[in-house]
Every structure is written in C-alpha cells, then in structure tokens.
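In the order they appear, the protein sequences are chains A and B. Residue numbers for the first sequence follow my numbering, so the first one is 1 and each next one is one higher. Residue numbers for the second sequence follow my numbering, so the first one is 1001 and each next one is one higher.
Rather than coming from a laboratory, the hints here were simulated on the basis of the structure. There's no promise every hint is true.
What the hints assert, rightly or not - Keeping only pairs whose Cα atoms sit at most 27 Å apart, straight-line, the calculated DSS-like set for lysine-lysine is:
| hint | chain 1 | residue 1 | chain 2 | residue 2 |
| --- | --- | --- | --- | --- |
| 1 | A | Lys88 | A | Lys157 |
| 2 | B | Lys1204 | A | Lys157 |
| 3 | B | Lys1245 | B | Lys1068 |
| 4 | A | Lys2 | A | Lys72 |
| 5 | B | Lys1204 | B | Lys1259 |
| 6 | B | Lys1245 | A | Lys3 |
| 7 | A | Lys88 | A | Lys72 |
| 8 | B | Lys1122 | A | Lys157 |
| 9 | A | Lys67 | A | Lys88 |
| 10 | A | Lys23 | B | Lys1259 |
| 11 | A | Lys23 | B | Lys1187 |
| 12 | A | Lys88 | A | Lys142 |
| 13 | B | Lys1187 | B | Lys1204 |
| 14 | A | Lys88 | A | Lys23 |
| 15 | A | Lys2 | A | Lys88 |
| 16 | A | Lys23 | B | Lys1204 |
| 17 | A | Lys23 | A | Lys2 |
| 18 | B | Lys1187 | B | Lys1068 |
Stated by the list, open to error - Some chain A residues well away from chain B (every beta-carbon gap over 12 Å; in silico):
| hint | residue |
| --- | --- |
| 19 | Ala9 |
| 20 | Thr89 |
| 21 | Ala115 |
Note that the Cβ used here is the ideal one computed from N, Cα and C, for glycine as well.
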Amino acid sequence: MKKRVGVLALQGAFREHRQVLEKLGCDVTEVRRTSDLDGIQGLIIPGGESTTIGKLLRIDEMGERIKELGAKDMPIFGTCAGMILLSKTIVDSDQYRLNLMDTVVERNAFGRQVASFETDLQVPALGVNPLRAVFIRAPYLKEVAPNVGILAEYNGKIVFVRQGNLLASAFHPELTPDNRVHQYFLNMIDEH
Amino acid sequence: MTDIGSFKVKTGLAEMLKGGVIMDVTTPEQAIIAEEAGACAVMALERVPSDIRAEGGVARMADPSIIKNIMAVVSIPVMAKARIGHFVEARILEALGADYIDESEVLTPADDSYHINKHDFKVPFVCGCRNLGEALRRIGEGAAMIRTKGEPGTGNVVEAVRHMRTVMSEMRALTLMPQEELMTAAKDMGAPYDLVLYVAEHGKLPVVNFAAGGIATPADAALMMQLGVDGIFVGSGIFKSGDPKARAKAIVMATTHYKDAKLLAEISKDLGQPMSGIEISTLTESQRMQERGW
C-alpha cells in the first residue's frame, strides 16, 4: 500500500518535496489546515522562511497538533526552515517553534544570500557516494544533546541529524535529483 | 567541490520565497511590521512606487544606509532595487549584502537599450515582464526570478492580471507547437531559442514567477495565486493603506489559503481603507512604468 505523507504547504518549497515523494511512490497530502494532518504517516516541513511558516502555524493551533503527532512518534523531517522550527533553542530569537528536537540552531549561520553555496557532503548513513547539498541562507546546529545522532557535518558544522522519529537537514535535498535523503525518511516511516 | 553563488543557489532562494509575500518598506519600523505580519522578504526602498509616481523626477537606488538599517533589524531576506542597466548600483547593492536585486522599471532606467548582465554577479536578480518574450530575455541575461510588471503604484491589479494571463497563454501555445515552429516563435517573441525549447517541453518558466504591480487587497493576492503565480510582491498597497499591520497579515494569509473562499471572506474583514488607486486609462504613456525595459 502507498505511504501517505504530508508536506506542510503554508509557504516555501513544498511543491519540490511533493514531486520527490510522488516519484518515490507516495500518496502526498499538502497540509494547509489542521484537518489535513488526519491520516498521514509522516510529515515534511519544507524550506521557506521560518518566521513566516511559524506565524501561519499558529492559525487554528496547527503547530500544537504537529507537536502532539511528533511527540507520539510520527516521523517528521524538517529541511532548512523546517530544521529551525523543529529545534528547541533558536539562537537570539523568540520566534514560534515546534520545540521537538534537543538541538540549538543558529539561523542564517553561513551568512546572507551572497554566501549561499552547493557542495558535496559525506553522509555515511546514505552510502559511500557523496551527496550534492544546496545551502541557502542556511542554518546549522551549534549544539545537540547526546540523544541526537549526527548524520553529516560540513567544515565541522552539524548540518544533518536524526533524533528517533525526527530528521532535520540544513540543506535542501528537494532541489537536487539525488533522492537518497527522502528514501531514508521513508524508511523511517516503514520502521515506525 | 563547493560552488558559491551558482545559478542553482540563486534560483533556490526564490524557491524558498514561494507561497509568500514580499513587501516594500522604507524604514526599519515598517520592516519590523512586515516581518511580524509574516512577510517572507522585504524590499528596501527610499520611496514606494505611488510616491515616486506622485513626486516625479529621477528615481534611483536607495541610500545604502536605508538598506543597511533595514538589514540590521530583520532576519528575513532583504531585497533592493537598481535602475535598469545600472550595473554599478547593482555592484553597490551586492557589496552591501542585499539578498536579491530587483532590476526595476519602478526606478528611472539608466540605459535605454540594455539590461544588466546578471550572470556576472553572485547575488541573484529578479526582473519584471509583461509577456513571455520579455521574461525569457531577462532569464537569458541571468535573472533567477521573474515577476509580472503590472502597473506599479496604482493599487490597480488589472495590468498584473493581463501580464500573467499573457505569459501563461504564450507558454501554453508553445507546448502545443510542433518542433519546426519553435524557432520562428523564438524569433517573433525575441526570446533565446534554448529557453523557448525549455518552455515548450516543461510548460513553465525555468525560474520562479511572482506577481507584482497593483496588488492592494487579500483578494487581489489570492486572484494572482489562482492565476498561477508562485508568490506576491506588494508595493504601495500595504503602507499606503489605512491599517498596514492588519492588511499585511491578511495578505500573507490570503497568499497561503488562496483557494479557501470561506477563509478569504474572514481574512478580508475590517482591514480599514485600502490605498486609493488609479484607473490605468488616466495615465499617459510616459506615466506607465511598465513600458520601461527592452
């Protein structure tokens, strides 16, 4: 049976995640209202502006519902803005967050847009071939608790992690043709 | 290999802005209001288009301190406008660390024949268009994001609608053409052939396409989203209205929930006076900013 995966579609690059998931054989729900969360087996929080998505998550308590689902072990994957929203601590910011991962995130940590870059990352969990990763005004994690597994670093900065049912990347796997990161997330749904 | 400022990274930021609202601001206070309302980026300006229209004279790049002061108070991307063809203004904006440059017809053009060679910059550019040929010429020059021109500073959405419908219908036409007609289509619309082939194959532009020029209400924003744009620029429409805070927030919500008419009805309530607006036919040709661009 096809997996039903939600993609949070309030703002940002949700269409690209949808396309990758459909290519991998999923039944995709674009999540705009709280009721759209019913019946999904996993959720992707896309890249976009974390402050914008945070504001829109407060409408009809959608963020609270996502928190409950995350606490009940539903797999959630956040990319870039999604990584920021999943973190418990955001450096120098009191913006809205889902408060699920034991991570300390720094926004725009590599600099403004003129410093945005793409690079090859070594991700042992995905095999020996390097992963092309696109970083756009990207965050990184300054600290993680011992229960958070580090999947990849770039120049000593933590950019890809897993904590149980939660996955977060500072880069955008939806913008490159390599589907291994999404496949890894779908395997998390299978394990669940 | 690490690549800074690649075309992928430039178009990538535009992908992240999708489904969002980019608001014109002239002061740090306005920028904070925009961010608080949920704007996905701000455009830092000296004057909004309706004031440029009212005051006349030559409109230029903003004073760098205006842009720096706005960058200092918000965490969202900050865009800024350079005059058409003014590559030195663009270099200054790049040096300031602006996140996107709008090579904009709202300012007085600095070159009456040529646009900036945007491939030559690390910072990405957005450019306006009225039709597909214009959009593809700008992408050929290196624009990483496109927007409709509309008619800036009028609060009248009709021109943005016309430009979006024109682009969409010209793209549909290309997808139906047999291969042998595409070269003549490229010649007729004055567009690079390789980009005409791309549109014929994919039925869409190779970059993100926003609406701009005349959007004043949540319903205007939702209308443009339903016509198929990826997101919204609001210029004078917010800070020239009676209640900028409420209107800014409402336009953000309408851009996300653009298909939900019940919610739009709720969102559109009690927003105070919109900007007053101008009927397009009362503008003389020299007052029409959309004619600028080559």
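Now the hints, each set against the structure:
In summary, the hint linking Lys88/A to Lys157/A is supported, as the alpha carbons are separated by about 18 Å, within the 27 Å threshold. The straight-line distance between the Cα atoms of Lys1204/B and Lys157/A is roughly 37 Å, outside the 27 Å bound, and the hint therefore fails. For the hint pairing Lys1245/B with Lys1068/B, the CA-to-CA distance comes to about 23 Å; that is within 27 Å, so the pair holds. For a cut-off of 27 Å, the pair hint linking Lys2/A to Lys72/A stands: about 22 Å separates their Cα positions.
For the suggested pair Lys1204/B and Lys1259/B, the alpha carbons sit about 21 Å apart, so the restraint of at most 27 Å is met. In summary, the hint linking Lys1245/B to Lys3/A is not supported, as the alpha carbons are separated by about 41 Å, beyond the 27 Å threshold. For the suggested pair Lys88/A and Lys72/A, the alpha carbons sit about 17 Å apart, so the restraint of at most 27 Å is met. For the given pair, Lys1122/B sits about 23 Å from Lys157/A by alpha-carbon distance, which is consistent with the 27 Å threshold.
With a C-alpha separation of about 12 Å, the suggested pairing of Lys67/A with Lys88/A holds against the 27 Å cut-off. Taken as a hint, the Lys23/A and Lys1259/B pair is honoured in the structure, with Cα atoms around 26 Å apart against an allowance of 27 Å. Of the supplied pair hints, the one linking Lys23/A and Lys1187/B is violated, its CA atoms being roughly 36 Å apart against a limit of 27 Å. For the given pair, Lys88/A sits about 12 Å from Lys142/A by alpha-carbon distance, which is consistent with the 27 Å threshold.
For the proposed pair Lys1187/B and Lys1204/B, the alpha carbon gap of about 19 Å is at most 27 Å, so the pair holds. Between Lys88/A and Lys23/A the alpha-carbon distance is near 32 Å, which puts this suggested pair outside the 27 Å criterion. A C-alpha spacing of about 32 Å is found between Lys2/A and Lys88/A, which places the hinted pair above 27 Å, so the restraint is violated. For the proposed pair Lys23/A and Lys1204/B, the alpha carbon gap of about 19 Å is at most 27 Å, so the pair holds.
For the hint pairing Lys23/A with Lys2/A, the CA-to-CA distance comes to about 12 Å; that is within 27 Å, so the pair holds. Between Lys1187/B and Lys1068/B the CA atoms are separated by roughly 43 Å; this puts the pair beyond 27 Å, and the hint is violated. Not every C-beta of chain B lies more than 12 Å from that of Ala9/A, the closest at about 7 Å, which undercuts listing it as non-interface. Every C-beta of chain B lies more than 12 Å from that of Thr89/A, the closest at about 15 Å, which supports listing it as non-interface.
At roughly 7 Å, the least C-beta separation between Ala115/A and chain B is not larger than 12 Å, which violates its mark as non-interface.
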